[in-house]
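Sequences and hints are given; from them, build the entire structure.
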Amino acid sequence: MGPLLAHLVQRESPDMTIVSMCIHTDAKVYTQEAINKVFYDHLKGVYTEQMHPKSEALEELLVEIRLPGLSPILTESLDVQISKEEVVTVINNLKPGKTPGSHGLPATFYQKYEDVLTDKQLEVYGEALSGGSLPNTMQEALVVIIPKTGRDPESATAYRSYLRSQRQADLRVQLFPSVA
Numbered sequence: 001m002g003p004l005l006a007h008l009v010q011r012e013s014p015d016m017t018i019v020s021m022c023i024h025t026d027a028k029v030y031t032q033e034a035i036n037k038v039f040y041d042h043l044k045g046v047y048t049e050q051m052h053p054k055s056e057a058l059e060e061l062l063v064e065i066r067l068p069g070l071s072p073i074l075t076e077s078l079d080v081q082i083s084k085e086e087v088v089t090v091i092n093n094l095k096p097g098k099t100p101g102s103h104g105l106p107a108t109f110y111q112k113y114e115d116v117l118t119d120k121q122l123e124v125y126g127e128a129l130s131g132g133s134l135p136n137t138m139q140e141a142l143v144v145i146i147p148k149t150g151r152d153p154e155s156a157t158a159y160r161s162y163l164r165s166q167r168q169a170d171l172r173v174q175l176f177p178s179v180a
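Letter by letter, the sequence shown follows residues 1 to 180 of this note's numbering.
It should be emphasised that the hints constitute simulated quantities derived from the structure, not laboratory data.
Straight-line alpha carbon distances no greater than 25 Å define the calculated SDA-like cross-link-like pairs of lysine to any residue that follow:
{"hint": "1", "residue 1": "LYS95", "residue 2": "LEU134"}
{"hint": "2", "residue 1": "LYS44", "residue 2": "TYR162"}
{"hint": "3", "residue 1": "LYS28", "residue 2": "HIS42"}
Set out below in structure tokens:
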């Protein structure tokens with residue numbers, strides 16, 4: 001449904017193709033590959049800076065704040081495997097009609113095929129808990145760029161970036177709220 005809707009909207013809207021991009025004050029690029037590289041370089045800098053704060057600043061922050069401790073009961077409850085009932089509850093609480101991630105599977109797909117998907121999802125999340133990391137495909141996102149009003153459309157800074165993560169991210173956030 002999501003990809004079909006996107007196609008229909010794109011067909012009805014004026015062409016939003018970016019045909020050129022400034023790389024310096026006096027240089028432009030015109031190929032799609034070069035334009036993509038300009039956005040890649042710009043967004044890589046933006047997101048790397050956000051994801052990796054300077055170590056001195058992080059150390060200062062950790063010294064200043066007091067983190068609460070966990071009670072033994074709460075600590076023990078965090079070490080318990082995720083139950084099938086928890087996965088089913090999360091699936092049933094997904095909002096229908098939400099825009100799916102780049103894979104094109106809406107929440108209603110998970111709800112309709114809950115009995116088939118739940119065991120596999122339980123296995124994947126169990127492996128993630130024991131192994132300490134999620135599969136790479138669950139860490140991917142689609143970057144959508146949105147033009148800012150009144151800005152030079154040939155500048156990468158004239159666009160807002162929005163990350164549309166996979167539908168599994170909705171499940172992950174609800175199952176692992178403190179680590180997602």
